[in-house]
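Asker: Here are the chains, one letter per residue:
Protein chains: 2
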Amino acid sequence: MTFKTAVLAVAAAASTLLALPANAQFAKPEEAIKYRQGSLFVIGQHFGRIGAMVNGKMPFDAKAAQENADIVAAMSALPWAGFGPGTDKGAPHKAKPGVWTEQAKFNEHAQTFKSEAAKLASAAKTGNLDQIKTAFGPAAQSCKSCHDAYRNR
Amino acid sequence: MTFKTAVLAVAAAASTLLALPANAQFAKPEEAIKYRQGSLFVIGQHFGRIGAMVNGKMPFDAKAAQENADIVAAMSALPWAGFGPGTDKGAPHKAKPGVWTEQAKFNEHAQTFKSEAAKLASAAKTGNLDQIKTAFGPAAQSCKSCHDAYRNR
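Going down the list, the sequences are from chains D and R. Going by our numbering, the first sequence wraps up at 153, each residue one higher than the last. Going by our numbering, the second sequence wraps up at 153, each residue one higher than the last.
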């Protein structure tokens, strides 16, 4: 399996995982918290590298942009399983109670991000910086709106 | 630029990217440490779910095994960038100094894991538990031998 096919398979696979309750997947809440924090951090790093190119802070490198966008897209489905019932405590975290009291709204944010991340990966495949910029904006906005609503500073 | 020089330039560029020190990819050592810890934790969770099926602690679910193996394979290339020069300090971690003093050996471990993770994903595609068991052993051994050599308890 190439890295690329693996990445594509992950995106498909993880959407199923999304539907599973946390207690079916994590031994204890602490692990769910570490899992969501870890996966979001990794996503943030790769997303930020695309942002640096989009904002001109780093020279544009089409191959690197595509690799980073593929990782973001593949991992975009992962973190949400770590926000299952009972994972509002167990380790220090910044998630607001709304994650658990407004689950449907929170899940909508997650779906929006997944969809924008997929669009960004498609744009990155073109190797065209303008297309990447166009897709990057809404993807970044989907991060921000969810952080504003559900993450303490 | 001829086609040949273009190809050589790309090859040179790619090897440069691969060889980039952590400080070119991470804003500070602390981020590299969080990145490697986060990605390894996520990999460990998904790998552990396959292990639970292999060891009979969870009922075998061919689809879930494949999804988990795909995630492990896709992410198997990620953590190593977080062990770059200068990332032996900056945040609490369990990596032994050998990671930085025996880089070639450490990188061999990383390559072995990537290769075993790819084999496990191929085995999982068959949906056959015996084939998954056969591939799981060496993959688990590759985790263990690297942890034994380079991770403090």
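No wet-lab data here; the hints were simulated from the structure. Everything numeric in this text was worked out from a predicted model, so none of it was measured. It cannot be assumed that every hint is accurate.
The list cannot tell twin chains apart, which means a pair is met if one copy fits it or any two copies do.
[Unchecked claim] Straight-line distance between alpha carbons at most 20 angstroms, and here's what the computed SDA-like set of lysine to any residue pairs gives:
| hint | residue 1 | residue 2 |
| --- | --- | --- |
| 1 | 28 | 40 |
| 2 | 94 | 30 |
| 3 | 63 | 77 |
| 4 | 94 | 41 |
| 5 | 144 | 91 |
| 6 | 119 | 104 |
| 7 | 57 | 151 |
| 8 | 89 | 128 |
| 9 | 96 | 130 |
| 10 | 94 | 31 |
| 11 | 28 | 48 |
| 12 | 63 | 25 |
| 13 | 94 | 109 |
| 14 | 119 | 25 |
| 15 | 114 | 67 |
| 16 | 28 | 44 |
| 17 | 63 | 81 |
| 18 | 28 | 58 |
Asker: List in ascending order the numbers of the hints, as given earlier, that are violated by the structure.
Answerer: Violated hints: 5, 6, 7, 8, 9 and 14; rest satisfied.
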